[in-house]
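Trainee: Keeping the supplied structure of chain R fixed, place chain L upon it in accordance with the hints.
Chain order of the listed sequences is R and L. First residue of the first sequence? That's 761 in the working numbering, and the numbers climb one at a time after it. First residue of the second sequence? That's 761 in the working numbering, and the numbers climb one at a time after it.
Each hint should be verified, as a subset may be incorrect.
One copy or two, it doesn't matter: identical chains are merged, so the pair holds either way.
Claimed, not checked - In silico EDC-like links for lysine to aspartate or glutamate, alpha-carbon gap of 20 Å or less:
(1) LYS930 to ASP899
(2) LYS1039 to GLU999
(3) LYS1195 to ASP1391
(4) LYS1166 to GLU1188
(5) LYS1195 to ASP1164
(6) LYS1025 to ASP1117
(7) LYS805 to GLU866
(8) LYS915 to ASP783
No lab work stands behind these hints: they were computed from the structure.
Okay, here's what each chain looks like letter by letter:
Protein chains: 2
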Amino acid sequence: MSPIGSLLWRHSRVVQVYGSNTDVGKTVITSILCNATRKIWKDEKTAYLKPISTGPRDEADQNHIARFTTGVSYGNLFQYGEPLSPHIAAKGNVISDDRVLASVYEYASRRAAAGPGWLFIETAGGIHSPGPSGTPQADLYAALRCPVVLVGDWKLGGISSTISAFECLKIRGYDVESIVLFNHDRFGNSDYLKEYFMEKHGILVAALPMPPKRAPRRKDNELMQAYYLHASQVPEVKETLKRLDDRHSSRIKALENSAADAHQKIWYPFTQQSLLQPKDILPIDSASGNHFQTLVPESPTAPSEKPLLQPSFDGSASWWTQGLGHGNSSLTLAAAYAAGRYGHVMFAGMVHKPALDLATSMLEITQNPRLSRVFFSDNGSTGMEVAVKMALRAARTRYGWSADTKIDILGLKGSYHGDTIGTMDCSEPNTYNEKVEWYEGKGVWLDYPQVQCVAGQWQVQIPSEFDAGRQHGFSNLSDIFHLDQRIARGEHKKYEAYILSTLQRHLDEGRKFGALILEPVVLGAGGMVLVDPLFQKTLVDVVRNNASIFGSDSLSTNSPDDKMWSGLPVVFDEVFTGLYRLGRPMAASFLDTHPDISVHAKLMTGGLVPLCVTLASESIFDAFASEEKSDALLHGHSYTAHPVGCQVALESLKKLQSMDKTGDWAWAKPDGWLEADDVVIDSDVPQTNPRVWSIWPLTFVHWVSLHTTKVAGVWALGSVLAIHLRASDGSGYTSTAAEGLRQRLLAGVKNESSGVVERTLEGSRQRSIHNG
Amino acid sequence: MSPIGSLLWRHSRVVQVYGSNTDVGKTVITSILCNATRKIWKDEKTAYLKPISTGPRDEADQNHIARFTTGVSYGNLFQYGEPLSPHIAAKGNVISDDRVLASVYEYASRRAAAGPGWLFIETAGGIHSPGPSGTPQADLYAALRCPVVLVGDWKLGGISSTISAFECLKIRGYDVESIVLFNHDRFGNSDYLKEYFMEKHGILVAALPMPPKRAPRRKDNELMQAYYLHASQVPEVKETLKRLDDRHSSRIKALENSAADAHQKIWYPFTQQSLLQPKDILPIDSASGNHFQTLVPESPTAPSEKPLLQPSFDGSASWWTQGLGHGNSSLTLAAAYAAGRYGHVMFAGMVHKPALDLATSMLEITQNPRLSRVFFSDNGSTGMEVAVKMALRAARTRYGWSADTKIDILGLKGSYHGDTIGTMDCSEPNTYNEKVEWYEGKGVWLDYPQVQCVAGQWQVQIPSEFDAGRQHGFSNLSDIFHLDQRIARGEHKKYEAYILSTLQRHLDEGRKFGALILEPVVLGAGGMVLVDPLFQKTLVDVVRNNASIFGSDSLSTNSPDDKMWSGLPVVFDEVFTGLYRLGRPMAASFLDTHPDISVHAKLMTGGLVPLCVTLASESIFDAFASEEKSDALLHGHSYTAHPVGCQVALESLKKLQSMDKTGDWAWAKPDGWLEADDVVIDSDVPQTNPRVWSIWPLTFVHWVSLHTTKVAGVWALGSVLAIHLRASDGSGYTSTAAEGLRQRLLAGVKNESSGVVERTLEGSRQRSIHNG
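Here chain R stands alone, though its shape is the one from the complex:
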């Protein structure tokens, strides 16, 4: 869906009128509200809009408005002759959701430009009645974020339909400000609903007199005129409007104050708040799809009635969490279902279906025969703490080291695994951790070759430490990922030599290693670096094939088992890279390597709530087996495996897998990256096809790489595009060049209607080495 602003102006209140059912009196009640605004706000204007109507034109609702209101302008955008649901009436003349929204926006915009006033937008039928394209209206209009007057159902059964309609609006993020319905003495719906909504939701329910029964035209006119005169004087009408007016003002006030307020109260992550001013804080009113609705900054030159909200592209997918877009109603329903069914279930000696199903699903999706166990925690950092505890214990028990042995991990320079102390200690000293009081790097971090496209040429750039630093050119990125071929050519040999000699040097110093920890293929937070996959594969192979250098390992030598860890437990941190980020279920498959421990979060819950899983092999699990409770992995969090997160993850994985299978991404694959034959990739079988692809067109990647005065290198894989800039100011943190290019990228972002989330990130954490 193309982005459109939510309908918010300072002096023009836009109200959406939804019906709890069809035929509950939406038009009559809207007419009453229109008339009352004309009386209370005499100097302002009131307008009525029925975006879509069906049925003969002379019966159309705006004619009712014309007849029974005074001084109210009215409009209708799309009219179908048949008195049927719009999706049927529209057959052969379907209007896209985008066009409906754009037309409503334009109408509301013109209304706002005409001066202070009100606009009532009346929907058709019930809240989920489909619009012309078939999209239920509650979904269709959600991004407009209009406050809602819900017309309640006065009929038998109307209590149920009113509460139901309210809840369905609410779970789409609508603010239902008021409920208005006709009063029917016998059914008494209004009495019940008044009490119910005040107690449960603090919402006013206004009961209005029942309009007269339909009469012949002239008589009807008279009766209705009298009715309107009477009804518009009911105090609850005024109360309803006052509330709408108050809530409108307080919404704007809260939005406008929120930056200053946040600046006072919030302590932001990763932020030097001395350098942060209120104007740097962006107030978010809502989000849908790939866009936030953000407050438009004050501008002295803007007209007095400018829109207050505008869509803003979520360029980093909210820290790489969004897989299916903001405000996705499937995820909402999944979350709500689990909340309703369970709430939370303490995860000790108990099991619930969402946790077990997610464990099963994650074990399957990794296509890793080693992995058999799932440990739950709350985020990538805690999941990595768990992974480290698992690996170190496995190594220590196998090699027979005492409990107080100092154990290091083996990793790559520039790696990042989270911000809790234990995971910080897995990274080499750097700007992000060296001032943290309890940080103490516990490892050896290797240099590595990286992959970039430079001036139209794909290169593997080899550090000078490796014998002699040089660049290898490749004709395309897939050839770099064709590891078998490269091994056959012996390209891994110098990697092997570097790794072995480095390891041996540290072992000779008496160091003991307990884990190899890698972010496979891409170092995410460490500057969006594409590591030569051959190097990472070689590193794992060296570690596994030379077990004896790490300790006396009788076990794995004597009982060979291809699922048993060897040398060091291999931990893959797939928090960033996993779950289709790089175009495959797992980044590990690019390395043709099965880790012993694998950590997943971010995309797993589709951008809704925190959850992490640490998957482990049985040979890791067995390291904790004993008769002693104190030998167990004594780690846990209160909300471990919370059903809401598990259910959302299941829904999210299901959608991602189905998008992959049904070829939703296929449009991108041939775009310079793949041959036609390569397009259909069946994720059920292990990925043997080494060809890689990105949703960023290859021609675009090449084009960017030609800007060699500003761009040091570029690469794209899956949904990630990384552009490494030459920083003119020498700072690794900020770069105005980066900002300029990002703006151009955002402006030109392609094919957003596909449902695929495309995001770009030029590493704001880019290390200075890459700003050569």
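Mentor: Relative to the frame of chain R, chain L by itself:
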């Protein structure tokens, strides 16, 4: 609500029929289903139950069943003469929800005992139509967890009402297995709904022929007989029933396999899985209020058709997270609203309303004038990591220590702050951490006096290290919390002396301290120990009044400010104790002390999703201010301040505050604990009344304490009851005595209908010192 089992038997499928609206043909469709079961499962029995009906008896739905089905037994539990909504019809003859549920359970139970078959339970009106007590049926029946056939609405507007009804059932944890509706050529609802539900939810929509129009009695009979003959042969009827049958079997199979499956796949927190067998794992089907629905264990002596589910009390409130009970629909709606409105919003340079409102609310609720800043993270452990980073930086910068200075924290023995390495390092070496490879206790942990009721006498038990160990008797617990009085008597002096001399000894050794970290009043995970509040208050005072012993502190001496931290930053870990757990908003108020940093989680989100806040004072915040980004608190998680968690927390806090204000807990307060005058406590003003209370009756606490052969001591405060047992086997971990007593407590748990969550925990982590 008193606990009742969900309706699940192996050979008896219980199906609940809900209507998308009133008058959509529930009874006709149920009759069709009943007839079809008789044809397909000839050897089985079919029953029909209308729990509540209104209207003249001869028009009642079960009469329709009697007339148009064959071999179907039918029942009605509660009948009202007026054809109105039951909540109106029932005026003067209201039936409680409990009684309705118990009657339904009993009917279903009898049906199941009669052999294999089906039971269709038809609801009244729409899904949210109120039952006799006024509770909407969708809420009333939720805990029964029957699979649902939703009768769709064939009328104009019926698409909307059908989708709405579906969603409202879904968010209460219902499994809607099938949607059945009449086919109406012109409206075409069934075509739309078929496509919609298959695509969005994978659910079959069955469209059945429209029944004949109503005719005079005899004619009607004929027409309907013919209709039923025809309709029951529609293939979709059979498909619907087959699906219900399959889902019934697969639900049972999944439940019965889940323990073995979990035993294979799940790596449980805090669990020695070598000691865990599948039979020790409890499968949970759902949860509501204070109870889980758990699979009844196999028993050779049980009758062949025993119930498969039973309610089980959630004795530790799911690790102390539940404040408002499981499956609370207010929390569900809050979660879904935020999911619909935002999804997630990356919390960097942005602000959204739920985060800002929660920050404001948490700052208010602490009633601590020092606190001004809110940092968000995902759980108590990460929140404490943040707290430690905050405190150490503040101390190091004020005292001018270099970055590589070794800094310790000051705490109490037996403290627990989480399982990430950084927070583990805040606890003294113990069974839970000493085998963890990277654990390295970084602190000094003081011994402390604790409070218990022993043989009917409240005591402060003073460790022998303090001069001379002895017990002080008090006439009641409130007197122990009357700190002013005790200070006036000089009781704090020996505490002061012990603290100062211990500190001085460590300082003389060259140690540097960076924080005082306390769980105020109660050590939760460390054995449910009630620490003498006078000791904790004295400890804070000593630290603050003797700043010069920790370092050269020119700042606080030269610019006195009662909000500035002094001596050491004081961190309160209120993850367990905060938010009414101990009967007050904050446990800190018992100590009449304002910490500089305060950490909150667990109850904050009411038992739904993980979220934590670390609150800090401006003088802590300022320690990170500089022109350098690298001086900032470089900590964060992807889902920091996720809107779902914030919105749920806001709803949860609102409810807790309102329960406190409106005296929902007042029934407990006078129960031996308080005088009548003390009952109304206004939480808006700081708590100066030192009297304490618990929801556990004082007489009960005294009674338990008299069992001195088994019970070493007992105490109760707020919702916590802790019984310290004498362990006969000398083990700190397991105790059969504990298990026996717990069973008795669970059996006798009092006054559950009050909506107050009462839980007991006999510390499974009880330290051996308390099993004297």
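Trainee: Please go over all the hints and tell whether each is borne out by the structure.
Mentor: Hint check:
1. With identical chains, the CA atoms of LYS930 and ASP899 are at most 20 Å apart both within one copy (11 Å) and between copies (17 Å).
2. Taking CA atoms no more than 20 Å apart as the test, LYS1039 paired with GLU999 passes in neither setting, with 36 Å inside one copy and 60 Å between copies.
3. Only between protomers do LYS1195 and ASP1391 lie at most 20 Å apart by alpha-carbon distance; the minimum there is 7 Å, versus 34 Å within a single protomer.
4. In this homomeric assembly, LYS1166 and GLU1188 come within 20 Å of each other (Cα to Cα) both inside a single copy, at 16 Å, and across copies, at 19 Å.
5. For a Cα distance limit of 20 Å, the shortest separation of LYS1195 from ASP1164 across copies, 9 Å, qualifies, whereas the shortest one inside one copy, 26 Å, does not.
6. Taking the closest pair of Cα atoms, LYS1025 and ASP1117 come within 20 Å of each other only across two copies (10 Å); inside a single copy the shortest separation is 40 Å, beyond that limit.
7. In this homomeric assembly, LYS805 and GLU866 come within 20 Å of each other (Cα to Cα) only inside a single copy, at 17 Å, whereas the closest approach across copies is 62 Å.
8. In the homo-oligomer, the alpha carbons of LYS915 and ASP783 lie at most 20 Å apart both inside one protomer (10 Å) and across protomers (11 Å), since each shortest distance falls under that limit.
Hint compliance for this structure: hint 2 is the single one not met.
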